[in-house]
Amino acid sequence: MPDSIPGYIGQSVPRREDKRLLRGEGLFVADIQLPNMLHVAIARSQFPHARIKDIDLSKALSAEGVELAISGEDILEHLPPISGMQLTTPPGYQERVDTDIQIPDQPLIPHEKVRFVGEPYALVVAKNRYLAEDAIELISTNFDPMPPVATTDDALDRNAPLLHENLGRNVAAILHTKKGKGAEALKTAPHRLKRRFYHHRYAAMPMECRGVVADYDARTDTLTIWSSTQVVHWVRREVANSLGMPEENVRCIAPDVGGGFGGKGHVYPEDILVAYLARRLRRPVKWIEDRHEHFLNSTHSRDNIYDVEIGFDNNGRIETVVSDFVVDSGAYSPIGAGIAGNSIAHMLGPYDIPNYEASSKIVLTNRTPNAPYRGAGRPEVGFAMERAVDLVANELDLDPAEVRFRNMIKADQMPYSVGLTYRDGVPIVYDSGDYPKALERALEELGGLKSIRKRQKDALSQGRYIGLGLGCYVEGTGVGPFEGARVKIDATGKIVVATGACPQGQGHETVFAQVTADLWKVPIEDVYVTVADTAHVTMGYGTLASRSTVTASGAIQLASDEIKEKVFAIASDILETGVQDLELRDSGVGVKGVPGMHISFRDIATAARPGWGHKRPEGIDAGLEVTSYYEPPTVTWSYASNAAIVEVNPATGQVLIENYVEVHDAGVLVNPAIADGQVKGGLVQGLGGGLLEEITYDENGQLLTGSFMDYLLPSASDVPPITVIHQETPSPLNSLGVKGLGEGGAIAPPVVIANAVCDALRPFKAEINSTPVRWGDVAAIFGDDPFKATSTTTTPEMDE
Amino acid sequence: MDEQSISLTVNGTEQNAKAEPRMSLADFLRERLGLTGTHIGCEHGVCGACTVICDGMAVRSCLMFAVQAEKKEIKTIEGLADGDTMHPLQTLFSEHRALQCGFCTPGMLMTAVDLVDNNPSITPPEIKIGMSAVLCRCTGYEGILKAVEAYAMQIKGV
Amino acid sequence: MKPAPFNYIVPTSIDEALALLEEHAPDARLLAGGQSLVPMMNFRLSRPSHLIDLNCISDLAFIHDNKDHISIGAMTRERTIEESSLVRSTIPLLSEATQHIAHLPIRSRGTIGGSISNADPAAEYPAALLTLDGEMLVRSKKGKRRIKASDFFKGIMDTAIEPNELLVEIIVPKVPPGTGFAFVEISRRHGDYALAGIAAQMTLSGKTVTNLRLAACGVGPCPIRLNDAEKQIFDDGLTEKSIQLAARAAALEIDPKTDLHATADYRRRLTAVLTQQALLKAKERAQEIS
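Chains as they are written, first to last, in the working numbering: chain A, 1 to 800; chain B, 1 to 158; chain C, 1 to 290.
The set of hints was computed from the structure by calculation and includes no laboratory data.
Some hints here could point you the wrong way.
Computed footprint of chain C on chain A; a stretch qualifies when at least three of its residues, placed anywhere within it, have a C-beta under 8 Å from a C-beta of chain C [as the list claims (entries may be wrong)]:
id, region
1, 713–722
2, 767–779
Simulated restraints on C-beta separations [said to hold, decoys possible]:
id, chain 1, residue 1, chain 2, residue 2, range
3, C, Glu288, A, Ala459, 22 to 32 Å
4, B, Glu70, A, Pro523, 20 to 30 Å
5, C, Lys148, B, Met153, 28 to 38 Å
6, C, Glu288, B, Met153, 51 to 61 Å
7, B, Met153, A, Lys19, 17 to 27 Å
8, C, Ile14, A, Leu704, 21 to 31 Å
9, A, Arg280, C, Ala19, 50 to 60 Å
Keep in mind it's a predicted model, so treat the numbers as computed, not measured.
The beta carbon of each residue, even a glycine, is placed where N, CA and C say it ideally should be.
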């Protein structure tokens with residue numbers, strides 16, 4: 001661990017990224033302009049389910065400015081589908097969790113049938129996007145519509161048409177796991193409660209849509225791809241495989257990326273298609289997704305139905321949790337069984353529960369595919385579990401906070417073996433933290449449980465409805481399989497770092513500079529960080545699943561440790577002092593306690609060179625450059641307690657959040673301001689999911705919410721007063737003590753809001769077991785007459 | 001469609017370029033004038049990332065055709081800084097953590113400049129309403145509002 | 001999404017615009033602020049063969065103070081109306097309605113004529129004009145006519161303007177002394193289209209209501225005059241009970257739809273709540289002035 005010198009870790013160092021972004025000098029994929037560039041527009045299915053009989057491209061091909069038009073049939077020989085197993089499942093996982101996984105492959109452009117509204121069936125390459133879109137309209141098609149599999153009920157029906165005939169079923173995966181006695185334990189439970197919960201479909205919706213630019217160099221047979229992606233190495237791998245090129249000849253760069261949140265966390269058909277087109281046409285090719293396409297074609301998320309049964313005793317101790325849930329995966333499942341696997345692993349949350357049984361079906365429907373979005377299964381399962389906890393409390397007339405305290409794992413029980421297996425195949429152990437303390441602090445911040453309940457009672461006597469909503473969760477972070485980093489001491493003595501992390505606003509260039517500067521005890525200005533470029537790190541994984549702070553720092557540390565051995569060996573030799581008497585200082589190595597005896601990194605780098613005049617001792621290879629891969633032992637566990645006070649307007653059903661508190665623990669925070677921004681940003685996304693955002697299909701599989709007019713994102717006016725308190729329990733799993741936190745903020749808000757409204761409407765025994773929480777539904781709980789509950793009060797002004 | 005010549009002032013400099021009538025001002029700025037700082041987030045006038053200042057007022061550049069900008073004075077994010085000297089709002093954005101991915105930032109800055117410069121006595125609740133015009137998916141808005149409030153204080157001379 | 005190609009024409013006078021309309025109707029569209037039309041064109045849902053840009057006709061943008069009415073040119077920007085002290089002092093309901101329209105950058109370009117001609121059922125101006133008893137002055141090559149607001153809005157996005165006609169001016173009577181007003185709406189987020197909105201204008205003489213006009217937006221195919229609600233107040237005055245009865249009457253005389261954002265029932269509920277709010281606020285303001 002970095003020692004007594006105040007380092008950069010823990011400091012809210014201003015971001016390096018800010019200057020260029022504030023000046024309009026960022027480089028997003030749509031900003032890339034190359035000479036002779038062509039532009040792609042994609043023809044997209046208007047049918048949710050149809051056989052492709054015929055596609056006539058002739059008029060499009062002869063339209064103004066068009067270079068090429070292709071359909072699925074044209075690429076059938078050249079480009080294989082994307083494998084359904086982009087996300088691999090480690091052997092350890094399949095040994096311990098019952099899995100039946102058959103994820104369908106996704107064709108780049110289908111040639112037999114289309115399976116969701118928005119699926120591509122042809123594309124045009126033209127001089128500019130305007131002309132390309134004109135040409136798309138000239139494509140004539142003959143589709144044979146099939147009955148749509150519009151919902152999971154449709155999909156599971158015995159007579160349902162099959163989306164993927166070769167699968168033989170509309171199910172991509174079935175998972176099952178058990179702990180203790182599983183469902184059997186319900187039989188002896190003093191109390192049981194059973195409910196269905198629904199967490200609806202919504203999406204990451206970054207402000208920057210997706211986009212790909214590809215440039216092929218015929219002289220060297222190399223491809224450069226710029227993609228607004230979270231996984232440059234995955235893109236490179238898939239493109240190299242598809243085009244039969246060595247990975248070395250394919251470079252993938254994610255320039256500035258305008259948000260991802262999981263929606264850009266896998267390889268899409270366009271990543272490969274645009275690369276193929278660039279090579280085929282020998283000209284740079286650009287495809288920029290527009291917002292309407294984004295609604296149709298970029299992955300959606302959530303959309304789970306949970307059937308849950310809880311067994312508990314008279315004291316509110318939960319003994320058994322049984323859950324059976326269905327994921328509406330849409331037409332494909334790019335991240336396989338990952339979301340459901342997460343949900344299953346996270347359901348028991350921060351609670352000490354001996355019996356558990358969970359089953360899940362990942363169901364295929366004629367909808368846009370479902371892939372992880374910030375939280376990736378945890379918001380869905382958190383909604384079910386945290387609603388259930390409140391319902392248990394209601395049954396016994398106990399305070400929901402009290403029930404949580406009674407069930408929570410205590411700090412002195414850490415590390416705590418859960419008895420389940422994580423997605424990485426390793427048995428789950430909550431490594432550190434104080435769950436009850438987080439809940440206590442959250443309640444304290446709102447005035448303390450007693451005073452909250454008193455306020456609530458007093459308000460009710462005045463015809464006002466105030467509620468307390470709680471949401472507690474744990475989050476496995478820093479997942480493997482690995483991350484890569486290359487560290488180098490440059491000839492000028494600067495520390496140069498490249499890592500496979502792919503930021504979309506997380507400030508990685510700053511964060512990893514801080515970590516590196518502390519590792520090497522240099523001023524942060526002497527550290528240069530490159531991210532998201534496959535040319536700089538041979539193998540990398542990417543930024544998703546709240547993993548980069550842990551895994552990229554880990555890789556940077558491994559590589560640095562290896563170089564340090566060399567550095568010290570060379571310094572020891574030159575300074576003629578034993579390694580144990582040397583220390584890192586002043587951008588070099590010096591003898592402890594002897595200010596005059598020092599050698600700079602620059603001079604060490606020179607000494608380390610190969611060839612004549614090198615100054616390396618015997619046994620030390622040339623160069624100060626190492627690429628390392630950090631393979632985390634398993635995930636490290638962040639957690640949070642959320643609490644909010646809301647007031648419900650009885651006349652209009654509007655929900656006013658008076659105060660929202662999140663006590664969040666992600667271990668040591670490298671850059672507290674950045675960490676805070678991540679949690680708060682996620683939190684506001686969660687509020688959107690709980691109250692505003694909704695993707696809706698009609699009963700025929702047509703998408704009804706295809707623009708920002710219908711899909712409502714939280715704006716500045718929608719944000720309530722928010723307090724985030726960071727509880728920093730260092731992770732014992734890595735030497736920096738860090739945990740991941742990118743996703744956390746988005747996990748609890750939907751259930752916190754639902755719980756708060758139900759708490760406020762306790763007199764009506766209200767139950768809200770689905771999202772989003774709608775004003776109209778809340779108003780209806782009060783009865784038909786908006787004036788009945790408020791005869792003595794004026795309705796509070798909600799809108800202004 | 002035939003291209004038309006357009007003559008306008010952008011960030012204080014006179015510019016001449018051609019565009020067909022259906023080309024949006026946003027695309028024109030980005031592609032014909034190489035000013036890619038203005039971003040396109042939706043093309044239906046909701047997200048606000050494309051906001052520029054036209055004759056002193058914030059407008060959605062995705063909802064104007066380039067030909068409509070004839071003889072107008074446009075200011076984009078590239079015109080805020082004075083060489084190496086950042087505009088005070090840019091400095092405040094960084095200090096208050098008002099950006100993460102930076103994609104909405106052009107829209108936020110230009111909207112804020114219009115709001116505050118044209119109404120220096122603007123209050124925090126009015127700032128909250130005014131800044132609702134632009135969507136941000138990363139920050140949760142807290143830093144943005146703080147930065148704009150601080151800018152208003154500066155302009156007012158407090 | 002990029003719009004389909006179109007022929008672009010920029011008249012510099014009203015006569016020129018009228019001639020163009022005569023020639024190219026009905027496939028031509030008029031481009032005012034563009035804040036509603038251009039998104040539709042970008043989606044390729046609207047594909048006019050000719051786009052007639054009104055933004056260079058300076059004669060169409062003005063706010064004039066006349067003896068008993070204010071006249072506003074159709075191309076006057078919403079932002080200009082919002083900032084006009086003349087409007088605020090003489091027909092303040094229009095100022096308040098303007099504040100609810102979307103966001104400032106939209107109002108920088110959006111025009112009153114564009115909004116009224118577009119006639120979105122949830123738009124604020126149509127309801128405000130119904131309450132203000134406004135008139136629309138419409139011109140064609142053949143002449144001109146004045147259309148009262150109550151005759152102007154016919155249905156969803158449907159007005160009394162003929163394909164060869166141009167809306168040139170909006171005429172609003174100045175309010176008599178002792179008049180209070182209120183424009184209230186509820187939307188899911190600030191700046192969104194109203195789930196329901198009420199425009200109210202009330203004149204008091206002492207405790208007597210001498211004039212009351214109420215209109216609702218967002219709860220029917222076009223703005224709806226709340227005749228039953230008004231009658232209730234004329235009959236029984238402004239007691240708490242009477243206002244509630246008026247509010248309930250309002251909820252029954254509208255024609256709301258269920259859509260992605262709200263059910264018809266919920267819109268009825270909001271209409272009742274907002275009618276009560278609007279009446280109370282207008283009453284308070286009328287009393288302040290007296």
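Structure-based check of all given hints:
1. Residues of the region 713–722 of chain A with a Cβ under 8 Å from some Cβ of chain C number 4, which satisfies the need for three, so the listed coverage holds.
2. Remark: the region 767–779 of chain A is confirmed as covered by chain C, as 3 of its residues place a Cβ nearer than 8 Å to a Cβ of that chain, reaching the required three.
3. For the pair C:Glu288 and A:Ala459, the beta carbons lie near 31 Å from each other, so the given range of 22 to 32 Å is met.
4. B:Glu70 and A:Pro523 have their C-beta atoms about 51 Å apart, which leaves the hinted 20 to 30 Å range violated.
5. Remark: the range hint 28 to 38 Å for C:Lys148 to B:Met153 is contradicted by a beta-carbon distance near 49 Å.
6. Hint check: C:Glu288 to B:Met153, Cβ distance near 32 Å, so the stated range 51 to 61 Å is violated.
7. Range check, B:Met153 to A:Lys19: Cβ separation about 23 Å, and the 17 to 27 Å hint holds.
8. Range check, C:Ile14 to A:Leu704: Cβ separation about 41 Å, and the 21 to 31 Å hint is violated.
9. For A:Arg280 and C:Ala19, the Cβ-Cβ distance of about 51 Å falls inside the hinted range of 50 to 60 Å, so the restraint holds.
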